[in-house]
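Engineer: One-letter residues, chain by chain:
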Amino acid sequence: MSGTDADVIDALVGITPGSPLDAIRARRAEARAHAQATYRALFAPKTPGHVTAHERFAVGGFVAGLHGATAIAACYAERLAEGGASPALKDAVDAAIAEARTNGPYGRYPAGPLSREDTAGLSYRVGAATRRTLGPRLAAAFEHVHLLVFHPRDAAPAALQALLDAGWSTTDIVTLSQIVAFLSFQIRVVTGLRILAGAP
Amino acid sequence: MTDTVLNPPEHTVPSVFTRAPLDWLPWLEPLAVDQMTERHMASLVDAARVKSPYFRLLARDPDALEARTRTDKDIFYNPDAGLPRAERELAAAATSRFNGCLYCASVHARHAATYSKREADVQRLLDAGVTADLGERWNAIVAASVALAATPIAFGPEHVDRLRRAGLDDLAIADVIHAAAFFNWANRLMLSLGEPAATAGP
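Going down the list, the sequences are from chains H and P.
So in my numbering, the last one in the first sequence is 200, and the numbering has no gaps at all.
So in my numbering, the last one in the second sequence is 202, and the numbering has no gaps at all.
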C-alpha cells in the first residue's frame, strides 16, 4: 500500500494480473474502481477539509487493528509514518488497539420484543496515558470509532455531541463516519477474497 | 455558526424488524437543498435522492458519497452472472439483521422478498434472526454473511466450502462477500447518523 494509485484491495489481497481473482474483480469493474475511488476520497482527498491526514491514517490503523487485521493495520501505520507522524502517535494507536479490542457486534435495541437480543459489551474510553498523546480531538474520534466498529446499534445523538464538543464539525463527522464504515467494508472484502483464493 | 445535534420530531420508534417502509431521521444537519453546489448534486448520482436527508447529509463529503454509491450500485445491480439479485439482497438483509440496523434490514428484506418471491422465508429471517432455517442454500449465504460481519471477522474456508456445496461458483461467492461487506459499510452510517421511524402508514 504505497501511494494512492495502485488498487489497495488488489494489493492487500495479493491479486496479480491474470489471476482468477483478477478476472472475478474485472466482472465487477465499477465496484473495483469506485472502492478505490472511495479510498482516494478518504485518504488522499482533493479537498482535505478539516480532517488531517494524520487523523485519517491514525483512525485507519485503529479500525484495522480492532479487526485484528494485522497486515492491513500495518499498511495504515506505514502511511501514518510516511506522513511524518511521530512514533509516539503510532505507539498511542497501538496502545488504544490493545485497550479497546473486543468482539462485536453487540448493543441494545429500542425497548420491546428485541430487548431479549440486547448484548452487553465494552463502552470504550481512551486510557489517560493514550489520551495525552492522541489529544482530545483524536481521543474523541477513537471512542466514536470503537462504537461504530463493535456496537453501532448503541449509537445515539450524545455520541455525536461528544465529537462536536471535541471540535469535530458536522462535515468532519460525516468524513470520519465514512472512513470507519468504508474500512469495515474494505477489510471484509480483503479478508473474504483472500480466503476465497485459498490464501492462508 | 456552531454545529449542533438535531432533535428528531416526535415519532414512533420501530420495535421489531419489519419489511414495512420506514422513515429515517437525521441527528446531524443535512445540507439544505438551496446550499448545494453542482458538485454536491452530482455526488447524489440519482437526482431524486435530493429528497433524502440521509443522502444530503452524506453529500457533505461529496467525493466519498459518489464513490460509495457507485460501488453499491455495481455490487447489487450488475446483472452479469454471479449471484442472483435476490440473494445479494439476502446477504444485505442478513448482515443488517445481525448488526441490528432496522432501517437497512427493512429496505433489503423488501428487495429480497420481491426478487425471490419467498416472503415467508425473508420474514422468518427478520422475526427469528440469522439462525432461522431458510433451506441450505440460503442458510449458507446467511451464515457466510454473519461470519463476515463479526469483528474480528469469523469468515473462513468452511464458509467458502459450504457455499460451493450449495452450488455457488467463485463469482457468486465473491458477490456474497461484496454484498455482505457493503452492508457493514451502510449499516454503520445508517445506525450512527440518525434513527428509523415508523411511517404513518397508507
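Honestly, the hints are just simulated from the structure, not real lab data.
As the structure is a computational prediction, the values presented were derived from the model and not from experiment.
Wrong hints could be hidden among the right ones.
Residues on chain P that point at chain H, a partial pick, calculated with CB under 8 Å [to be verified]: (1) V5; (2) D46; (3) V50.
In silico lysine-lysine, DSS-like type, Cα no more than 30 Å apart, as pairs [as the list claims (entries may be wrong)]: (4) H:K46 - P:K117; (5) P:K73 - P:K117; (6) H:K46 - H:K90; (7) P:K73 - P:K51; (8) P:K73 - H:K46.
Note that CB positions come from ideal geometry on N, CA and C, so glycine has one too.
Engineer: Determine for every hint whether it applies to the structure shown.
Structural biologist: To see whether the hints hold, each was checked on the structure:
1. Using the Cβ-Cβ criterion of 8 Å, the hint placing V5 (chain P) at the interface with chain H is satisfied: the shortest such distance is roughly 4 Å.
2. Interface hint at D46 (chain P): violated, since its Cβ lies 15 Å from the closest Cβ of chain H, which is beyond the 8 Å cut-off.
3. The beta carbon of V50 (chain P) is not positioned within 8 Å of any beta carbon in chain H (closest approach about 17 Å), and the interface hint is therefore violated.
4. A distance of roughly 45 Å separates the Cα atoms of K46 (chain H) and K117 (chain P); the hinted pair therefore is violated under the 30 Å criterion.
5. Taken as a hint, the K73 (chain P) and K117 (chain P) pair is honoured in the structure, with Cα atoms around 22 Å apart against an allowance of 30 Å.
6. As the CA atoms of K46 (chain H) and K90 (chain H) are separated by approximately 25 Å, the hinted pair is consistent with the 30 Å bound.
7. A hinted pair counts as satisfied when its Cα atoms are at most 30 Å apart, and K73 (chain P) with K51 (chain P) qualifies at roughly 19 Å.
8. As the CA atoms of K73 (chain P) and K46 (chain H) are separated by approximately 24 Å, the hinted pair is consistent with the 30 Å bound.
Checked against the numbered hints listed earlier, the structure breaks hints 2, 3, 4; every other hint is satisfied.
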